[in-house]
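Asker: With chain L fixed as given, assemble chain G onto it according to the hints.
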Amino acid sequence: MSIVSGSTKPIARPPVSLAGRRIRAALITVIASAAMAAVAVWTEQRLANRSTLTGVTLTTTLVILIALGIRRRLPGIELGSMSAWTQTHLYTGIFSAVVYVLHVPAIVAGGVLEFFLSATFLIVSASGFYGVYASRSYPRRIRLAGGQDGDRETFLADAKSVYDAIPIGPAGDVLRQQYLNQHRSYFENPRSWWFAFYPTKNRRERMLADLAALDRYLDPPTRESSAAIANLIKGRDAVDFSAALRWRMRVWVAVHASLSVSLLCATLIHIALVWMHRS
Amino acid sequence: MTHPAPFEDHTPDRPGNRRRAPQGPGDQAAAAGQSGASQAGNIQSANSPRSSSSPASVLPATGLSDADVRFVQTRQPFCDLDPSAFSKNLPLAKILQTQTQLRRVTPGQVLVRRGDYGNSAMLILAGTVSVLNPSPRGQSGASSIDSLATDSLATDSDPPPAKRSLGQRLRDCIITPKHPHTRREDQIRPAAGGKQRIGQTDHQVAMFMQDFAAVMVDGQHAALGPGEMFGEVAAMYRTPHSATVVATEESAVLEITWQGLRELRRDKAFDQNLDDHYRRHWLPLHLRENQLLRFLDDQTIAKIAAASTLRSYGRLRWYADYRKTTKRSPAEQIAEEPVVVREGSFPTDLLIVRSGFGRVSVEHGASVQTTAYLGAGHVFDLESVVRNCLNPSRPQMHQHALRAVGMLDVIAIPIELFADEVLPKIRRGDFPPNVQRLFPSLNRRSSKRKTIGKTTSDRRANTDPVIADAPALSSTSLMEFVVGNRLNNGPAAMVIDLDRCTGCDDCMRACATTHGGDSRFKRSGPAHGRLQFASACMQCTDPVCMIGCPTGAITRDADASDPSLTNVVTIDESTCIGCKTCAGSCPYENIDMVNVVNQGGDAFLDIESGKQMLKATKCDLCVDLGGNPQCVAACPHDALVRIDLTHSRPLDQFLKTRIKPRSETETGSATNPPSPELS
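Here the protein sequences line up with chains L and G, keeping their order.
Numbered according to the working numbering, the first sequence spans residues 1 to 279.
Numbered according to the working numbering, the second sequence spans residues 1001 to 1679.
If we strip away everything but chain L, and leave its shape as in the complex, we get (with noise of 0.2 Å):
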């Protein structure tokens, strides 16, 4: 209760327990899932055809679980939140497995059309666990690594400075010679494509290794440039992380709606087809 003079109106609904609403729109699923699959074998009890039924099912979720993207471009109409929007989308998508599994005769179908139809639709559907996984994993991965506000150019010209600031010597032209040998590229080329898509620290700890190799070498003030220069591979290294993982998830939101679409395109010729043959 806010009493404070002055201060703004509620504007937030009360906060959620992530936890318990995880728990509850889980249970729905489960309930959903088990009524679907009671209807389903009833039907067929029944001498009816479940494939009709569970067809006009699993269509009604694609064409839910392609609303998300619809929504997403309408900011300012009142539709409902974006969170509820991906919780529904979220647990539509495991109830649409479930009505897959109920619908096909086999997982993966045989003849063109069905096995693209099957095939696109696990890819889909396997593409969203992972959705799921990297959107809770990769956001606390990058806040650890701790390059979430950084950015190269930053990282270059700090290492520009600490390169001139290198103290004149022996010492000084060891480690200006390492820089340029090993820390320029590094620090003014982006990271290879193949760093997006698998990023480790090799390249890092190769080059805080030699820096170590090389502190024998190094005066007390040098070593001062040299320690900043390790920094600033560290936090460079932490920025290309966190760009990586972030360019991942990028990738996979583009790969996911592309895929879906064909499914839904896939999907009404399917269901063309099978209206055209439907006695």
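Careful: at least some of the hints might be erroneous.
Said to hold, decoys possible - Covered, in the sense of this in silico footprint (three residues per stretch, anywhere, with C-beta under 8 Å from a C-beta of chain L), are these stretches of chain G:
1) 1164-1174
2) 1513-1527
3) 1635-1645
To be clear, the hints were calculated from the coordinates, so they are not data collected in a lab.
Note that beta-carbon positions come from the ideal geometry of N, C-alpha and C, so glycine has one too.
Answerer: Using the frame of chain L, we list chain G on its own:
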């Protein structure tokens, strides 16, 4: 009953001791129109609210001449001031020379506007001005208007923006501007039918009332003449002006900065006069705003007002050294904060925070640990005060210390008066649980009441204390981070859970889509553990950005008497002259200055100056979309929320929904002693 002490000022601000901060309106106004060369290509000129190198500022650029000072010293009230009351280093003449400004005002010119914040008072030297639209309870800066009725008074500010239609919203989603900061001409030019227009008087930007003659005929108003002062309460106590004051005829006014006012209060009679005025007209209003005192009758309120004191601690211009202060460690910050109440001292008064921020702390090891923070409306250590009222034979000392963070104004009600007049009239159920426990009979009744009611939520609604207890955050380091960065100023702070934010930027895209292509916030800012406090306007309880706007373009949709208003601070781009005063004042750097262009990408130029137009933009909490912030609605992962940080409870509740007990160490958790904070 203790005898009320006069106004107590513990603030270190003294003119002459401190240089004028660079963020002052005069400085910022000088930058108006200096937005650089226009963009290449075609340029569109427009009639705009004119910027000036010297808008109506609160601090004089040059000060009064010796002749002016001699003239002013012959006028009331300066002719009655005792010269010996002022120090030799800063005599009256020097105060007048450095802290005042002579201004000529013309008929229809708005001197102060209701709801705006100011940091200067106005003294009429010649001519008359009219006070329009006094506050509903008849409170105003001028006693002569107290008897005015309210129903026939016209509102002085433009109505809040109308809710956008569905068609407009759809169009915003589909048609994205090709260029950033695109505006239509009608968005940056004052509307022809508006209630005020921007003009100039003696090369200074000034607001004029559009239908001034009609208002003077139809509306009720009170006239103020030579020797009368207005706006001093708003200047000294950081409150919005309660009424609009318009010049009725060509007049001369002396604008006195709040620093100047404080110096002038060295004269006992002048100080007593201001104090009496505040005590008579404003203190009852401020007391009534507190939930603790809301059931008291007028007579009791008047008694309390007569016996209470208002104490000020810290710096009114806390935002001037905000950046420097926030870089210090918590220990260094605490060491510099003025102590309001010492730990272990005997409670003699009930302290109610009127404005500003307070840090509640206890000695912990070799240092001091923050246990809670206080904001406007909070009460310090109510438990000890009530305990001592109920058991005067076994008094309890203050278990915590109170320090001023930046600035802190507290109303001190003598404990004897509280025991006699206030405590018996407060419903016991209104107290927070820690105070309720002090009343044994109430505990028995409460346990019976708990069985009545249909649902848990019903029972909670029935038993929730009106004076809600706001426990300290479970994490000490997070609390010190919030206080240290003055984030407790924000009732609508944008908080991002970094453990759920994927960096998809849907929040920024939604903001840009609904604001003509401009995102009104940055997804960056100070972070503590998994929480990031993003750079978005928090709609501060102490809106320093609203001080000194020369055209009144920045306004708050608020009125203590109307709870339906949103309290959101908005900027009217049509009257914004791009002087950067608000952007320079905002300590959190949450106001951006943008060069506006038309839909073809051509820059808008001011016809008068030929320079590119600058406009101030900030988060408006999507007021024209029903006050539903689209950044929050667009976040698919529940990472972004708006939280009222003026209380510790909402943030604590938010954290509890996310952090499992075992991982509380992530936010630097430490066991806190019980907090005396009440809200």
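Asker: Now tell me if each hint is right for this structure.
Answerer: Against the structure, the hints come out as follows:
{"no.": "1", "hint": "1164-1174", "result": "holds (count 6)"}
{"no.": "2", "hint": "1513-1527", "result": "holds (count 4)"}
{"no.": "3", "hint": "1635-1645", "result": "holds (count 9)"}
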